[in-house]
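Participant: Taken in order, these protein sequences are the chains called A and B.
Heads up, the first sequence is in my numbering, so the first residue is 1 and it goes up one at a time.
Heads up, the second sequence is in my numbering, so the first residue is 1001 and it goes up one at a time.
What follows is a list of derived Cβ distance ranges for each label pair: (1) A/378 <-> B/1066: 31 to 39 Å; (2) A/262 <-> B/1145: 48 to 56 Å; (3) B/1142 <-> A/270: 45 to 53 Å; (4) A/378 <-> B/1071: 34 to 42 Å; (5) B/1145 <-> A/378: 27 to 35 Å; (6) A/395 <-> B/1196: 29 to 37 Å.
Please keep in mind that the hints were generated in silico from the structure rather than gathered at the bench.
All C-beta atoms in this analysis are idealised placements derived from N, C-alpha and C, irrespective of residue type, glycine included.
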Amino acid sequence: MAMSLIGIIFGISFFVITQAQTSGFEAFFIRTILGTNGAIKISDRFQDMDGTVSKVSEDGKSQFFFRSREEARYTEGIVFPDEIRNALASYQGITGISEVLEGTAELSGVSRSFPVIFHGIRHHDHSQVSELDNQLIGGVMDNFTTDPMSILVGSRIAERLMLKKGDRVVMKGGTGTIQLKIAGLFETGVSQIDKNRIYIHLSTARQFKGERFAGSFFQVGLSNPEKAPELAAQIQYHLGHRSVSWQEREKVWLDVFKALRISSAITVSSILLLSGLGIFNVFAIMVIEKTRDIAILRSMGFSRFDASAVFLWQGVIILFIGLLSGCIFGFIGTYFISEIPLRIRGIFSTDSFVVNWDISHYLWAITIASVFVIIASWIPARRAGKIEPAKIIRETL
Amino acid sequence: MKHSPLLQAKNLRYSFNEAGIPTHVLKDVSMELLPGEITSIVGPSGCGKSTLLYLLGLLDRPDSGDIFLHEKDVLKCDDQTRTVLRNHKLGFVFQFHFLIKELSVLDNVALPMRKAGHSATTSHKKARNVLDKFGLLDKASRFPHKLSGGEQQRVAIARAIINSPSLILADEPTGNLDSENSKIVYSVLSKLATEENISVLLVTHNIELAQSCNRVIRMRDGRIIE
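Whole structure, please, built from the sequences with the hints as guidance.
Facilitator: Right under this line is the structure:
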C-alpha cells in the first residue's frame, strides 16, 4: 500500500512538473512571437470578381474560399493604408495597429555586407503591437524615434557585421543607397528574425523603396490574443485583405507544443494508473482476506454500505494524502526546475527552464489521480458489500 | 401465564442448487420460541440445523414460509431493516469466536453498540460492565489471540448481548471447547435466559448440553421430527 501511495504522490508531482514545463515553454514562445510579430498580420488583397467569399461561418472558424483563382485580381501589399487603418479602428479588442513596409536590402558595415529584410515602422505605432522596446539590448530607443535616418539592427546581424550602437551602415537596394546610423540592437529570441531583420523609419523605407504611400502589411495587437482567429476572419471578410492570426501563422510550432504536452500527460498518467492498479490489488486481496470478518460484521448489524465504506474510506485517505503531498512536491519541484540553467536560442531565447504556474495543472492531476483511486477502491468495496454472511459463515465452519 | 412467542417460523422451505441439482435443505419447518426460553436444536450433520438458525437470524432468506419476530413479518422487510433488526434484536454466537483480531477485547465487545450509534465512551462503559459480569474485565485491553478458547467464546457471547438483544442464536458454541469450558459457556447462556429474559436458540451435537435446555427440537432430513 505504501508503494501505491508513493506512486500517487510521484505521479501527481511529475504531472504538475511536466505540465508546468511544457506549457511554460509554449507560453513563453507565444509571448515571444506576439511580442515580435503581433496577433494578426493583414497583408495582400485578393479581388475575386466572381465573389471573394463563398462561405464563412459566424464565428469565423471557416476558411475563405476563392471560387476562381484565375479571375481573382491580386494586389500586393496595402494600397490604401489610411482607409484600412480607419476601418480597423472600428473593431473591438484591437489595442494597436502598426503599418509596416517590408523589403529586402543589403546592409554593409565597415568590412562586409549582409542581406537583410527591412521593416519600415512608426515607432509609436509599433511599440503598441510588439515588445520592441523591451527587446532592445543596446542603445536608446529615443535615438531611433528622433532620427529618421537611424536603424535598429538584429543582434545576430550585428554579430556577423561586427556592428555596435553608433556605427554607420549603408543600405543598398531599392532606389539606391542610403546611409543610416545604428540607434540600437535588438534581440527577439527568434533566431530567424534576429539574423535578418532591421527596423527603419516608415518614411525612410518608403523613400528607399520608392513607394510614397504604400505599406506591405499591418501588424495588429489585441487585448485578447486568443480571439485572433475570429477577428482575422472578420477582417478578411470585410476588408478583402489576407488576414492571418498568430495561431494560424505559428500552427506548426503550436501543434508541436500541444503534442508534447499531451504526450507527457499520458506518460505521467501511466504512473497514476499503475498506482491505481496497485491499490486495486491490495484492496482486492484485503477483501478476500477479510471476507470472514465482513460476514461477522454483517451478522452483527453492519450494512452492505458499512462493509463497502471501510475500503472506500481507506481509498479516500490514501487519495487525500497522495493529493496533498503530490501537489506540495509538484510545487516545490516546479520551483527547483525553474532554477535550472538551460540556454535555448532558436524559436525563443531563454537561459533557464521556463515554467508556467497554472492551477489547471494541479486540477488535472487531482482529477486523474482521483478517478484512478476511486475506481481502484470502488470495485473491491462493491465486492465487499456483496458478501453474503450466511454463505461465508457456513463455509468457514 | 402464557407468553406470546418471541419468534415464529411457519412452513419454511429452503433449497440450493449444487451442480444444477436442487437440494432441499428445509422442508416445511415450523417452530416458535418463547421469551427467556433456552431451546436446543439437535440432529445429524446436514439435517438443516445451521441453515434454520441463519434463516431465523435474518442472515438468509427462505424460498417460502414466514418468520415473525415480535409479531413482525421480517421476511417482508427490506435489507436495511433486517440489518437494523440484527443489530438491535439478535445476537450471534458461532462455533469459532470470530473476534476481530485487530481489535482489543473491549473494542470487539463494544462494536455492535458503536454500530447502533452510541458514543465510544458509552459503548466502552457498557462493554466493561458486560465483561465484568463474565469475569473478563481484566482482559479488556488484550487482543483475542492472548485469550484461552473458553475466554474467547465468552467474549463472543459478551459481544452478542451488548445491545441487549431479545434472542441469541448460537451455532455449536461449545463445539470447539473442552467439557469444562463448555459448561461455563452454557451456564453463561442459561443465566442470560433466566436472569435477563433473553431467548437462546442453540444448535448443538452435544446431547448432554441439549438436554439441559428448556426444550429440545430434533431435526432430520430438513424436517422437525420432535
